[in-house]
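*Asks:* Chain P: place on chain E using the hints.
Residue numbers (our numbering), protein chains in the order written: chain E, 1 to 114; chain P, 1 to 114.
Hint data in this document are derived by calculation from the structure and do not stem from the laboratory. Note that this is a predicted model, so its numbers are computed, not measured. One should not assume that every hint holds.
The calculated lysine-lysine pairs, modelled on DSSO-like cross-linking and capped at a C-alpha distance of 27 Å, are [to be verified]:
hint, chain 1, residue 1, chain 2, residue 2
1, P, Lys-68, E, Lys-18
2, E, Lys-22, E, Lys-41
3, P, Lys-61, P, Lys-49
4, E, Lys-36, E, Lys-18
5, E, Lys-40, E, Lys-22
6, P, Lys-49, E, Lys-41
7, E, Lys-41, E, Lys-18
8, E, Lys-36, E, Lys-22
9, E, Lys-36, E, Lys-19
10, E, Lys-41, P, Lys-68
11, P, Lys-61, E, Lys-40
12, P, Lys-68, P, Lys-49
13, E, Lys-41, E, Lys-19
14, E, Lys-40, E, Lys-19
15, E, Lys-22, P, Lys-68
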Amino acid sequence: ETGVTQTPRHLVMGMTNKKSLKCEQHLGHNAMYWYKQSAKKPLELMFVYSLEERVENNSVPSRFSPECPNSSHLFLHLHTLQPEDSALYLCASSQDGDPLYQQFFGPGTRLTVL
Amino acid sequence: AQSVTQPDIHITVSEGASLELRCNYSYGATPYLFWYVQSPGQGLQLLLKYFSGDTLVQGIKGFEAEFKRSQSSFNLRKPSVHWSDAAEYFCAVGLQTGANNLFFGTGTRLTVIP
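The following block holds chain E by itself, in its conformation from the complex (with noise of 0.2 Å):
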């Protein structure tokens, strides 16, 4: 495996159910992010993580819980999701935090919440 994947690539849950979507970069990076695209929407960065620590959080609501156990693996764990959350999810890694080093995208993981 080479770059950024994430998994599962399609998700469909119902409103009660939780899930995790996983990502896994291969790249030595040391910063990683989840970003949320809705359609005919900007792309929002929800989430970063530098050497581990959360640095960043755009005002997620609780639902979306992310978690960074090392470098290379980052999860956003799903529980009572919304209708409204249905979007493609995307993970992006980059060598550090600092706005100079390139963001790395995964594929991406299709939610819907039916």
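*Replies:* Quick look at chain P alone, frame taken from chain E:
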């Protein structure tokens, strides 16, 4: 607050024709500027970036962009479009301080016709 505007939601061009995608930003200082491309089912791929120096930057796949401070613009250009360029294009602003946050526009979808 910083923002990015991509005024064209959808553009159609003929193969071989030239292309210009518009991007305007609002930010109090000179930002870092990026163009990303997203093909169907794929994550975002960086085309080019501007941090400082020469205001005309060259990117991958024959793309270039020009930073115009007086117009707060960073338009993307390509002299001759190929069918494989059909995708969604995102302009993004990065802040020079703080965490590696990217603020994205809503994207421009490019259709290429034979």
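*Asks:* Quick check: which numbered hints come out false for this structure?
*Replies:* 1 and 15
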